[in-house]
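Engineer: Protein chains in written order, with my numbering: chain A, 1 to 754; chain B, 1 to 494; chain C, 1 to 329.
These are calculated hints, taken from the structure and not from any lab test. There could be a bad hint or two in this list.
[Stated by the list, open to error] Taking lysine-lysine pairs in the DSSO-like style, the calculated list, with each CA pair at most 30 Å apart, reads:
#1 K548/A with K299/B
#2 K484/A with K290/C
#3 K718/A with K299/B
#4 K383/B with K330/B
#5 K162/B with K544/A
#6 K338/B with K716/A
[Unchecked claim] Far from chain A, by Cβ distances over 12 Å, these chain B residues were calculated:
#7 K62
#8 V68
#9 P103
#10 S170
#11 S180
#12 D358
#13 N411
#14 D455
#15 S484
We put the CB at the ideal spot given by N, CA and C, even for glycine.
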Amino acid sequence: MSDTIVEPFLKGSTGRNTRGILRLSILVLIAAAAIASRLFSVIRFESIIHEFDPWFNFRATKYLVQNGFYDFWDWFDDRTWHPLGRVTGGTLYPGLMVTSGIIYHALRALTIPVDIRNICVLLAPGFSGLTAYATYLFTNEMSTSPSAGLLAAAFMGIAPGYISRSVAGSYDNEAIAIFLLVFTFFLWIKALKVGSVMWGALCALFYGYMVSAWGGYVFITNLIPLHVFVLVCMGRFSPRLYVSYCTWYALGTLASMQIPFVGFLPIRSSEHMSALGVFGLLQLVGFVEFVRSGVPSKQFATLLRGFVLAVFAIAFGGLVLLTVSGVIAPWTGRFYSLWDTGYAKIHIPIIASVSEHQPTAWPAFFFDLNLLIWLFPAGVYLCFLKLADEQVFVVVYAILASYFSGVMVRLMLTLTPIVCVAAALVLSHLLDTYLSIKSPSAPTDADIDAASNAAPAPSKKAAKQDGLRAMREPLVGIYTTFSKTSVVSALTAYLLIFVLHCTWVTSNAYSSPSVVLASRMPDGSQHIIDDYREAYQWLRQNTKEDAKIMSWWDYGYQIGGMADRPTLVDNNTWNNTHIATVGKAMSSSEEVSYPIMRQHEVDYVLVVFGGLLGYSGDDINKFLWMVRIAEGIWPDEVKERDFFTERGEYRVDEGATETMKKSLMYKMSYYNYNALFPPGQCQDRVRGVKMPDQGPVLNTVEEAFTSENWIIRIYKVKDLDNVGRDHAAAASFERGNKKKKTTKRRGPKVLRVE
Amino acid sequence: MRPLAIASAVLSFAATALCVEQGNLTKPLTSRVILPSTFKPPQNFKNANLVHIVSLEKSHPKESINVVIENIATTPQDEYFIPFTARQMETIGGLEVKDRKDPEAGLFEVEAVDFDIESDTQFYRVRLPKPLAPKAQQTLGISYSYLSALHPLPATIAQQDKQYLVYTFSAYAPSAYVTSKQKTEVKFPSTVVPEYTIIPGAKGELESPQKQGSKFTYGSFGEVPAGAVEPVKVRYEFTKPLIHVSRLERDIEVSHWGGNVAFEDRYTMTNRAANLSKQFSRVEFASQQYYNPPSTAVKELKFPLKVGSLDPYFTDVIGNVSTSRFRSNKREANLEIKPRYPVFGGWNYPFRVGYSADLKKYLRKLSSGTGYVLNVPFLEGPKQPEGIEYEFIELRVILPEGAENVKYSTNVPLVTAGISLHQTFMDTQGRTTLTLTAINIVDEYRDRELIVTYDYPFFAILRKPLVIFVTFLGLFAAAWGIGSLDVSIRGKRS
Amino acid sequence: MHFLKGLLLSLLPAAAFAAKKPAVDKFQQFHAKALSSAPLKLDDAVYTQLTSAPRDYSVAVLLTALESRFGCVLCREFQPEWDLLSRSWTKGDKQGDSRLVFGTLDFTDGKNTFQSLGLQTAPVLLLFQPTIGPHAVTETGPIRYDFTNGPQSAEQVRSWIGRYLTDRPHPQVQRPINWTYGIAVTTTILGTISFLSVAWPYALPIIQNRNVWAAISLISILLFTSGHMFNHIRKVPYVAGDGRGGVSYFAGGFSNQYGLETQIVAAMYGLLSFATISLALKVPRIKDPKTQQVAVLIWGGVIFVMYSFLLSVFRIKNGGYPFWLPPFS
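Excised from the complex, chain A in its bound form:
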């Protein structure tokens, strides 16, 4: 009945157009869903930049928009890493900022009064829509079933593994990088299939964009050569391969070297050597193939092969030699810690201290991918049906990415796309099989049936010779409607659960801008805790323009972005010693840290204290990392052991060790805290311990501001005493006489003593 009506729409060119329009609208809907599901935080709170790194990107973007591209390119930022400063223009990946800068100027050209902040906040969701589309294209290259691409796009749009880094406001490099990653891979596959220079060049172009956007480009730099290498080992060398890879490598390397931060790394560092080696290998193989095609002699061919192997071995040896001799930089710590997993823990505490560099436990996988995680292997298996070049790519990608994501939580990001693709492949295959209207009446018309559902048909051809054991028998199809309905309904149920899961995860886990905290009032209404911005705004308005703020590096970017004040260290942890200096100042006694602060011209010290509110991410909980990092540089001045009691506990109450109680961080966290409680009831709600009634005494710094819920405490570093006493004496004198005498009288600032 109905099919008679829809008949003309499914036939011929009209049919093609109908399907085209249908596909387009579905894609648009998917993109809309992808964007919408990332707006929780904007709706709950406001359009605000999220946790830490995004604040730097936001600040850099504003700088770019105000001062133009060239100033941005050679931007020396003297308001961070005081007194060293940072060559920001040369040490960042400009892709993100430039992208949003372009969008901003385009909109301004249309005289649309849009705020740069809103562009930055909404960039990630916008690009997630594009990512969905890129995934669609990529998957279409993998499978002949049109539904696979759409499924993959849908998965990619709502998979929490990707949402985690791309909710509105998390304005980080990954926001655009994942789109570039997937799209580059799509272009690579396209180039490989067609063997055209144009696609190869396009691939190189987007690879360059990717390099400019994210440090994770190294993943592409190694994955594509690996793919090529595997293909060559499988004896799949072809002119297509040669053309596409050489185009990509030559142009892509040139493009990547245009980024100041990358510079000459592509020819000097080990991360990039695999690409170079494979490039050389391809030349050799190509040469051999060429000669062999000319010279039919068998022995000569074998000779050549031997020659090739020899040359390759020699080249590899040379590479190793160069690395050892230091001409080629060895692996950078971050990258190296991917292989030698114990490395970072011992040698680079800063890297180990970052939570997103921890290994991944299995719940994280399930949390981020839900049912995709078990559809994933099936999809990979499906790729073995017809093992064309692109399927090989999927397999390689799958294995490599799952290894990396197992080692580092944040690399779940690179795994998600391929998981979505593989899962979509198998799921579409299932649906195609179980949704085909016509059932086989007898085994004989299996072929017609096979023709009807597109996916398995070619695989069956491929299955004839050395197929998978699953493919021995010829395809028949599903007989009963019951089995079809049962399977399809079950799948639908799973997919519904998946959607619910994604929404739940996104709204509960990934949508809080850790700048603003939400809490529930007794009556259930939402109460917003805004201490960070309260304190930052106070700094911005009521301290002098160039007041140096010392804090632990986590808050450097936020202070730079929101308080607009110079900082000593920030989240761009390029200088371990400087960070260790701050760590030392925080973890030593006042007498030790005051000279350090003077030498660094510190005016204010900012600590985060969650004791009153029960906010667990505060500095006392991060304190041990400060100690460790400081100990790395001054092993005999700062000792982690001294912060543990004899019984090896980390305590902050009366039982705390002397070193702990003397340390500046401890004092600043708990200074005056007991005055808030009636005697004997002062307690720390994070550590859940009772604090001593006698609070710590501060001599060299004085409390300048404390936010409403005590989360942020700002201290002013006292000037040298103008009578020349040391601060302890001065302070005790102050306390001694009851008269409130103003401490405003200050001598002139003394010069820094080196």
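Given the coordinates of chain A, assemble chains B and C onto it according to the supplied hints.
Structural biologist: Quick look at chains B and C alone, frame taken from chain A:
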């Protein structure tokens, strides 16, 4: 066309004699009349009786002079001069003169006289509506106030100490003429006045001041020559913030298509109260919160908006401030905002407040042709018991694109007025924008209305949809054209 | 014999002159002993004698508990490094220019010392600075080295000691070349090469067989996605007992896990994907409608139950997780 519009707009308001060019906003501007530098006000008048009231209840002193003037010349006179020192001229705000007998007669025309920059005495010239016949008398009500004229003493106090302010003025009212009888009344916010100048009574008169409650009276004094000064200094308790807005930018955007009018006020606010002698202590502050003692900190600002104001917002440089409450119903629309932190003496807190309202409440279409009349409050700042002073106000009325022949009128003393274009939301030509600036305004001027009339021709209304339509048409055409091109290198397939 | 003499001498009043000569002898004799067998194996008596002031030499004593009943893993891990360090150091300066004596005091031999020092933990490395002589330092107490962050390599400890023995030679650590290891590696490599060369014609089909590769890649993927790397890095226990003597298969908490747990999860994933594959590929190839019907039911049921179980397991790990499927709720 436009120059004419500007001209008419400028001429339409009497008080602004000529339009000073924009930009030099550093030194306070006032409208000035140029007179020869050897100027002395002719002694045509005599102040028969004068009452000078200095009210210190708010965070800025407000003085008002009720004087009976008498023409002692032989010809009718209509120019009455009031002298001020140069420093006073800088900070004086909102000088208004009206007839006490019939206040409905409206304000008299007042201009600052400009004759010699070096001279310490400057004049305001009051032009009486009709010349005063010889021997005739008239009662003038002169009122004005000074900005940032109060100073805390001591300059730094502890967090919950009381604050004392010092104000210096003259017991004799400023006058360019002989005054036969006058007295000065000082109204204090409370009876706590630790220090004040005592003037010994001359020949039998009792000494000044006489106190009743929080009101002090100096005088009455007998005949006083022109320009005489009797400095008086008082120090009194005033434990309230001295809110000082150094710059207020107010945008009023009218949208006929949207049918609403959007307000946005950007305040640069500081608290001139006594600074903290020690650093801020959260413990003390938190302990005070329960019983709420008078404090010099700005904890909350209340905006009584016009009824029917919609979706207000309160943000600052780093985003939305969640501590604001908006209560709106049939009778009132109160916006109460709390700064992120209590603003103590010497602290700054710049912020912006915005809201929108239904256009119908503010706009009326003239029966004749395409004219419209817009009636908006000139200033809708917070209403605080201690008052607020605005050093500089820039008001922009953004009219729809293509509005022309703009006229305006308000009884707030303005400094400059101009008309420019403002490009936004895919404007092709830009929106007509009326920019008014005023200085030294105190919050008595809240709710003074600003009336703007303009023409908005029919074509201008249709301009935007047409433009957008044409643009998209062009886009589609271009897309189709490009799509139909075949740029492939290999020859056509057959 | 030596002991008595040493004890006597050390009991003598520590007048500079009187103490200097025997102290020299003391160092010489210990150094001589060390040359034969470094580090010195100490007990309470020798320890006191060695570390008694006055001394014009430095002593590095490792207080450790090697016996297995103390269960001090760190001690046993560090011991070879320590021996290596002391040996190579002592070899490094035969003349004893660095005037440093290495000693090891095991808990079994030196209970009293442990008690007197009030040591709770082992191992602890004490460095005694000279009290007299050219390198004398003011504070007489030993400098303590705690092994807070794991077992240290000989080089690290050497650099630590070197920091206190300024203007004295710091002999390098000579690690002996591990011959057996090298030989083993080379032999295995050669063996594999020869084996391959022999078995190539037979191995080739296996290498080129898709199923093998498919199996390999699937297994590795299952391993990685079930958190095997986490076990590898964090060295989690294979399985832990719950309080009541039973075995708890699933670790509480979102971000920790047991070895067995990950294997169970991997198995679940594997089963689920296998069922999916069979539904997708095998079932449509079954000729007989009845068997096909049954197969569909079986595999569908397997997926359903397994997935439901997986969800329930996840609810254990993550408290507030709201979704579930029957039968496991």
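Engineer: Determine for every hint whether it applies to the structure shown.
Structural biologist: Do the hints match the structure? See the list:
1. K548/A with K299/B: 28 Å, holds
2. K484/A with K290/C: Given that 30 Å is the threshold and the Cα spacing comes to 14 Å, the pair holds.
3. K718/A with K299/B: Since the Cα atoms of K718/A and K299/B sit roughly 28 Å apart, the hinted pair holds (cutoff 30 Å).
4. K383/B with K330/B: Distance ~20 Å between K383/B and K330/B Cα, so the pair holds.
5. K162/B with K544/A: Since the Cα atoms of K162/B and K544/A sit roughly 27 Å apart, the hinted pair holds (cutoff 30 Å).
6. K338/B with K716/A: 25 Å, holds
7. K62: 29 Å, holds
8. V68: 50 Å, holds
9. P103: The claim stands: P103/B keeps its Cβ more than 12 Å from every Cβ of chain A (closest is about 43 Å).
10. S170: Nearest chain A Cβ is 34 Å from S170/B, so the label holds.
11. S180: 51 Å, holds
12. D358: 22 Å, holds
13. N411: N411/B is indeed farther than 12 Å from all Cβ atoms of chain A, at 33 Å.
14. D455: Per Cβ check, D455/B is outside 12 Å of chain A; nearest 24 Å; holds.
15. S484: 16 Å, holds
Of the numbered hints stated above, none is contradicted by the structure.
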